[in-house]
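K.L.:
Residue-level listing of the chains:
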Amino acid sequence: MTQTLTDLSDVRRPIDKANGLPNAHYIDPVVYAEERQALLFSQWAGLAVGADVPEPGDAVPMTFMGTPLLLLRDKDGDVRVFQNICRHRGMILVEEPRKIEGAIRCPYHSWCYSTKGNLVSTPHVGGPGQNTHASINRSELGLNEVRSHVWRDVVWINLSGDAPAFEVAMSDIITRWAEFDLPVHHGGPESKFQLSVQTNWKLAVENYCESYHLPWIHPGLNSYSKLEDHYNIEKPGQFSGQGTMVYRQLTNENGDKFPDFADVGTKWNEQAEYIAAYPNVLLGVHRDHAFAIILEPRGPEETMEHVHLYYAVPGSDEGLRARNAQLWKSVFEEDIFVVEGMQKGRHAAQFDGGRFSPVMDSPTHCFHDWVAGKVETHRALAQAAE
Amino acid sequence: MTPELELDLAMITAHASQDSAALVRLYTQAADAANDLDAACFYLTHAYVFALESGAAQAHTLHARLVQHGREE
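Residue numbers (our numbering), protein chains in the order written: chain C, 1 to 386; chain G, 1 to 73.
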């Protein structure tokens with residue numbers, strides 16, 4: 001019989017009575033493995049961004065929660081994700097980021113695959129110099145492709161293959177930000193950075209989606225975007241976050257600003273929103289730029305944050321882009337001691353998950369409720385299978 | 001040094017430097033010099049694979065030669 005690893009009943013109570021997730025959800029390798037299936041493989045999780053493979057043939061091997069994957073832009077320009085293994089002996093196909101000039105050749109016995117994943121050559125498979133065999137049907141032995149979808153340049157993957165279509169699963173956030181459904185242009189190498197954080201990935205989500213901490217952790221905001229200028233965003237089961245009614249555009253010494261996203265409407269003149277799209281993608285939109293943060297879980301207590309900044313037009317002012325990247329990097333670095341401190345706190349055995357502010361913490365509670373619901377569903381399915 | 005040994009050394013060097021163009025050329029050369037069909041198709045296969053991997057234009061011709069001998073689909 002499946003052992004219930006944690007009691008989540010308190011997590012799902014109304015916020016004024018709820019506790020946060022139990023410690024085990026942040027430190028226990030067994031719960032981490034359970035959540036890998038329940039929260040990441042079964043959902044649309046963020047893997048990378050399209051800008052990681054800008055040209056046809058660009059290939060980047062990556063590991064997502066232990067699974068070797070290959071991010072690839074095929075010859076027609078479509079982004080694809082494959083399991084990075086040969087269908088012959090399971091050998092890793094691509095070890096380092098590189099350009100695929102023609103075909104992907106397995107370095108072991110040289111089976112070759114097109115950039116669309118088709119098996120195109122099986123050298124000596126029928127004996128020396130005989131490259132076919134009746135039992136080797138190439139059309140059945142293409143690379144294992146992972147279901148993927150690109151939205152706002154984020155490459156989302158559904159490893160289990162059975163989640164609802166992306167447009168269905170993410171319909172509410174797509175609708176909410178319909179005015180921003182415009183091309184986004186990555187700011188280039190200076191507009192991306194990584195932050196290695198000793199924390200469970202969920203604490204990064206939780207800290208991102210609430211505004212309660214802003215005046216204390218980001219005091220620089222107090223002069224123009226006060227706590228009372230913020231509002232909570234909650235869509236149970238899908239996303240939560242925060243918005244501000246006072247967004248101030250960045251300017252340089254000449255008073256120049258980034259060009260706006262065209263036709264986003266006056267609503268967004270001073271408004272900006274920051275949403276955690278469950279499970280692991282943190283998004284921000286402003287009238288003149290946007291960002292995406294992919295949280296890469298690297299273990300129960302380790303997360304790599306991949307930050308990418310986007311603009312309305314290609315080739316915007318280089319100096320402004322550098323300044324904006326530095327600004328956001330400073331803000332996100334201010335959050336590191338918080339998420340690492342909360343992670344350390346999860347080793348206090350008496351911690352009961354904590355009590356929430358019923359007013360200020362509801363985006364976090366919304367996320368916890370989603371986690372608990374997905375984990376409970378996963379456990380119920382596992383039990384039924386037994 | 002015999003021509004065969006010379007070709008063999010050139011292939012080893014091309015493998016070591018991952019010189020796709022040289023690998024395609026040298027394996028094609030070995031195929032053309034082979035005395036029997038099996039040996040020729042062995043070398044043609046290697047030439048074809050390296051042409052395929054590197055996106056070389058010879059891939060089409062090499063594929064056609066292997067198909068002609070019933071060694072490729």
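It cannot be assumed that every hint is accurate.
[To be verified] Derived, one-sided and incomplete: chain G residues facing chain C with beta-carbon distance under 8 angstroms:
id, residue
1, 4
2, 5
3, 6
4, 19
5, 21
6, 54
7, 56
8, 66
9, 71
Simulated from the structure, these hints should not be mistaken for laboratory data.
We put the beta carbon where it would ideally sit given N, CA and C, even for glycine.
K.L.:
Indicate, hint by hint, whether the structure satisfies it.
P.N.:
Quick rundown of the hints versus the structure:
no. : hint : in the structure
1   : 4    : violated, 18 angstroms
2   : 5    : violated, 21 angstroms
3   : 6    : violated, 23 angstroms
4   : 19   : violated, 13 angstroms
5   : 21   : violated, 11 angstroms
6   : 54   : holds, 5 angstroms
7   : 56   : holds, 7 angstroms
8   : 66   : holds, 6 angstroms
9   : 71   : holds, 5 angstroms
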